[in-house]
Amino acid sequence: MPVIEVDQLARSYRSGSRFSRGARTEVEAVRGISFEVEPGELFGLLGPNGAGKTTTIKMLITLLLPTGGSARVLGYDVVADPREVRRRIGYVFGGDKGLYERLSGYDNLRYFAELYGVPPREQRQRIAELLDLVGLTGKEGQRVEGYSRGMRQRLHIARGLLHKPDVLFLDEPSIGIDPVGARELRETVAALVSTGTTVLLTTHYMFEDDELCDRIAVIAGGAILAEGTPEQLKSRVADGHVVEIEVFDGVDDRIDAVRAIAGVTSVGVESSDRSQLLVVRTAAAAQVTPAVLAALEGRSLGRVATREPTLEDAYVELVRDA
Amino acid sequence: MTAALRIFFFGGITSYRALFHWLTPWILIPTFIVEPIFQVLFFAFVGRDAGVGDDSFYLIGNAVQFAAIPCLFAMGNTIGNERYTQTLGLLLASPARRLPLFLGRALPVIINGFCVSLVVLVLGALVLRVHIPAEAWVPIVGVLVVTSFSCTGLGLATAALALRVRETAVLSNIIIGILIVFCGVNVPLSALPAWMSTISYVLPLTHGIEAARDLAGGASWSAVTGLVATEALIGVVYAALGMAMLFALEVESRRHASLELA
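Protein sequences, first through last, are from chains S and B. By my numbering, the letter at position 128 of the first sequence is numbered 128, and the numbering carries on one by one without gaps. Residues are numbered in my numbering as their position in the second sequence, beginning at 1, plus a constant of 1000.
If you are wondering where the hints come from, they were derived from the structure by calculation, not from laboratory data. Every residue, glycine too, gets a C-beta built ideally from N, C-alpha and C. Please note that the accuracy of each hint is not assured.
Claimed, not checked - Only some residues are given here: those of chain S computed to face chain B with a beta carbon under 8 Å:
no., residue
1, Arg83
2, Tyr100
3, Glu101
4, Tyr106
5, Phe207
6, Val247
Unchecked claim - Listed next, the stretches of chain B that the computed footprint assigns to chain S, with coverage defined by at least 3 CB atoms under 8 Å from CB atoms of chain S:
no., segment
7, 1050-1060
8, 1079-1089
9, 1095-1104
10, 1214-1224
When you get a sec, could you build the whole thing from the sequences and use the hints?
The following block contains the structure:
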């Protein structure tokens, strides 16, 4: 039986104040999505900001009622049996907040251990295990206000695991963490999954999903655009390739010309301090490099490279078409 | 101890430590000792100069009233600040039973209100040389406990609004003003317009202040039990109203997404 069953789940909000002159509008944050997560699976919800990822998680952890469809976690309906769902799940979100700054890391964990009904005689050992797992042993006596962002995020993870949840919801857990911290976090998540914990992870970092997830659903505009393993998603663009050209003196005025070249499926630009990187995705068997270079004639060019598509390319294709 | 009792006691104290941001000597001492003493002195000297009331009247009125400051603001902080720390969503996503979870937060607040009231009463009596009979102190302490409880009940009702609105301190300030004017703190109820004194009877403080004044004036405990019981009943009603609001607003937050999570 799937651990998470989502069937035509929908949620709309009313925006605007009832006291303001402007008309109140209905915003559909999640538009009838469906997916299932199997036991022990690490399932990724991948999408841009505002895609509906957090709204979906809020409904699954019982903080928000759906306006349509249904969802069950471990067989319990998130609307009808919220307390049964809450007992069995953990929830961790990214960012600086969500901890009691004036309390020590240990007291934060102890308080949530009480809220989740961890028996008093088990609390000390459980907290010690988790502090060890997230690398905060020896720091637990410090007030959280003195913790770095990475330490806070690791404490969040420990908090979410106190009651040994069957399912862990991770809502953009690596947001704002430095690369080393993010790598450690991914290792922690991978270790959790290896112990049998089912994880639903939302992120907009492709490499995170690519490295960690068994399956991914790409979500944008409140709808699921594609679902599958990272390899399956990559295969959607695998028969094409990607040309990257470094341009030093501006490329914005040539994008339309590049886009018009036969065989080009999409064009993106990544800007840095010194240059812009033109990313041209092509259809299968298309040899577009000479035509692209011709379109950039007169510009100061740097590195020109051709590579295989990544999950990010598949994601960009999907989200661009949404 | 059961899980619910542990959440009530341990959880209540932890929330108070975590979220009541006045718990630093730089705020605590001026707010809970210095300012109340100045307020007592101000009204006592105004009363002396105007030839109305005696020092005891103003001392007891203001000392008891000062229980309301921590009871309203600390209660508001321990629930409202969950929004600022963005722990409110985590709290509501937990399976913890709501009654001990929120009611437990009231316990340290009651103790805080009682301590402030007692300290102001003792220091004020020493500074103003107000004589309170030795046998009256124990029953007055009882009145202060009950009054702190009733003020905390009102605090719980206002704090519940934190599940719907971001700012509860503004409301607490307004309520403090209402309590000072309506509850006979510095003006006898008999001197208030009839409609104001009528309202005062459903507010915390009114009966507690009257009971404490009667005790300081030589009345026996049995003579004030009616007042004390009424004060306690008012506290129970407001606390029940607060819990009902917390339950209702939690349901509403799930329906209308009124919580800020992250």
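Report task. Let me know if the C-beta of glutamate 101 of chain S comes in closer than 8 Å to any C-beta of chain B, holds or violated. Result -> Given a least distance of 7 Å, the restraint on glutamate 101 of chain S holds.
Query raised in the report: Taking 8 Å as the C-beta cutoff, is the stated coverage of the segment 1095-1104 of chain B by chain S satisfied by three or more residues?
Result: It holds, with 3 qualifying residues against the three required.
Report task. Would you settle whether the hint for valine 247 of chain S is holds or violated, based on the nearest Cβ-Cβ distance to chain B being less than 8 Å? Result -> violated, 38 Å
Query raised in the report: Taking a Cβ-Cβ distance under 8 Å as contact, does the segment 1214-1224 of chain B have three or more residues in contact with chain S?
Result: That given contact is violated, which follows from only 0 residues of the segment 1214-1224 of chain B lying within Cβ reach (below 8 Å) of chain S.
Query raised in the report: For the hint on arginine 83 of chain S, does the least C-beta distance to chain B fall short of 8 Å?
Result: Nearest chain B Cβ about 5 Å off; hint holds.
Query - Cut-off 8 Å, beta-carbon criterion: hint that tyrosine 100 of chain S touches chain B - result: Tyrosine 100 of chain S check passes; min Cβ-Cβ to chain B is 4 Å, inside 8 Å.
**Report entry** Hint check, tyrosine 106 of chain S versus chain B [nearest Cβ-Cβ separation less than 8 Å]
**Finding:** violated, 11 Å
Query - Coverage assertion for the segment 1050-1060 of chain B with respect to chain S, Cβ distance below 8 Å, three residues required - result: The restraint on the segment 1050-1060 of chain B is violated, since only 0 of its residues have a Cβ under 8 Å from chain S and three are required.
Query raised in the report: Within the segment 1079-1089 of chain B, is the number of residues with a Cβ closer than 8 Å to a Cβ of chain S three or more?
Result: holds (count 4)
Query raised in the report: Does the interface hint hold: is phenylalanine 207 of chain S within less than 8 Å of chain B, judged Cβ to Cβ?
Result: violated, 22 Å
The structure shown violates the earlier hints numbered 4, 5, 6, 7 and 10.
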